[in-house]
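Construct all of the structure, not just a fragment, from the sequences and the given hints.
Those protein sequences? They're chains A and B, same order as listed. Heads up: the first sequence begins at 1 in our numbering, then just goes up one per residue. Heads up: the second sequence begins at 1 in our numbering, then just goes up one per residue.
Hints are not guaranteed to be accurate.
Stated by the list, open to error - Simulated pairs of lysine-lysine, DSSO-like, Cα-Cα distance not exceeding 27 Å:
| hint | chain 1 | residue 1 | chain 2 | residue 2 |
| --- | --- | --- | --- | --- |
| 1 | B | LYS292 | A | LYS65 |
| 2 | B | LYS28 | A | LYS65 |
| 3 | B | LYS28 | B | LYS2 |
| 4 | A | LYS65 | A | LYS103 |
I should point out that these hints are in silico values taken from the structure, not numbers from a laboratory. From a predicted model like this one, the values you see are computed outputs, not experimental measurements.
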Amino acid sequence: MSMTDPISEETHPVRLRVNGISYDIDIPPRRLLSDALRHDIGLTGTHVGCEHGVCGACTILVDGKPTRACLMFAIGAQDVEITTVEGLTRQDGTLAPVQQAFKDCHGLQCGFCTPGFLTTIAAGISDNPDPDQEQAREMIAGNLCRCTGYQNIVASVLRAAELQREEDAS
Amino acid sequence: MKPAPFRYERPETLDRALAALAAEPGAKVLAGGQSLIPLMSMRLSSVPLLIDINGLSDLAHITVDETGVRFGAIVRHSDLLEHGGAREVQPLIAAALAHVAHPTIRNRGTTVGSIVHADASGEMPMILCLTGGSLTVASTQGRREIAATDLFIGPLETSLEAEEIAVEAFMPALAAGSGIAYDEIARRHGDYALCGVGAVVTLDEQGRVTHARTGYVSVSETPVIVDVTECFDEGQVDERSLTAAGELALGQLDPETDIHGTSDYRAQLARSLTARVLRTAHEDARARGAQKVSA
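Written as structure tokens, this is what we have:
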């Protein structure tokens, strides 16, 4: 094969359920779920950092549980419900508690890592509605941020849990 | 950071998975993929055919009885960690699983997959050895059971044949009168351990140590289990016996220098952690004994 030949690969029809919507795409088996979400479906909220499961930027929810989108093949994700950061925002466009909390507490600067934090924390406060400092740190231990120094993100976790509790109580 | 092209099959029965594997030497089995997919993305592993076993619901079981805990090849770390029955019968499983990567990785990664990945810095291969467990593997020729002691033959290398799939792991129940502990030192909680140590201590009715063994992560090429019973010849857990246990263990370990720590530092961690986990396992055995008497 010369450099100018297009790379041809066998593709498969794949149906993904993302944020409650079904998407039919045609992809090779090696397509990572993170790339399928961004390139084939066009949901670019899921960010791709290290691409080997270390940084956590691509974290999505698979059946409600935080999962690395770069450590799954899209072809193997046809029997699960996927939630991306886009799916956290409410139908009416208002911010979810975790998104509001990041805004309130300056939980982001450049924002690159933020989608992975938001999905992780959304699931985290659903499991544990009233985390303490230590539990908040443990919740985000698998996500890297190079701007904020984490203090504001820990504050955001606590604030998100508080907003969620207020919402659940009303 | 994209994997090379491969063909993909997602069989609906184990027999079809085994036939696919037998027909394609070099094919790889995908369960959780939390180790395999990074290796493929970094092009350290090239796979002609990927056989995805996540559709094999027969391999999703966790079965607990008085003999121990059995779990299938697609049981996620997180499900095993949260299983109350498994925690009760063999508490070493949960004690170590809490240190396996980060929760997000545990949601997808499988414990059987982690065992057959056979990374000496992985917790669960060592725990399979420390509990005296075994692995059931299947091929088109039938099934066989491999004792943990015969499973790990080198870094990332097991005694599985190319056409075999690991279908189930078994970890025996904690013996009566015993206690456990696991601890590790990592640069960041959830990262690979610089050194990890597990311990099982068994006491007689007078509270004297009758049996003690330790298991090591990240300080040898394959999981190492050391019987340190002889260090407790007077049945007491004290500075002398704990120091002796650390020295005995170090004789069988081979801590290496790498970017994360020197050989000497890892040796020191192995020494201190050996004492720490033996002490904790001893307390755990006493607490479990007391609990049993009061019950």
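For this session: Sort out whether A:LYS103 lies within 27 Å of A:LYS65, counting only the CA atoms.
Result: holds (24 Å)
Exercise. Given the hint that B:LYS28 pairs with A:LYS65, does the C-alpha gap stay at or below 27 Å?
Worked result: Holds - the C-alpha atoms of A:LYS65 and B:LYS28 are around 26 Å apart, at most 27 Å.
Exercise. Does A:LYS65 lie within 27 Å of B:LYS292 when you go C-alpha to C-alpha?
Worked result: Violated, at roughly 37 Å.
Exercise. If you draw a straight line from the CA of B:LYS28 to the CA of B:LYS2, is it 27 Å or shorter?
Worked result: Distance ~17 Å between B:LYS28 and B:LYS2 Cα, so the pair holds.
Hint violations for this structure: number 1 only, all remaining hints satisfied.
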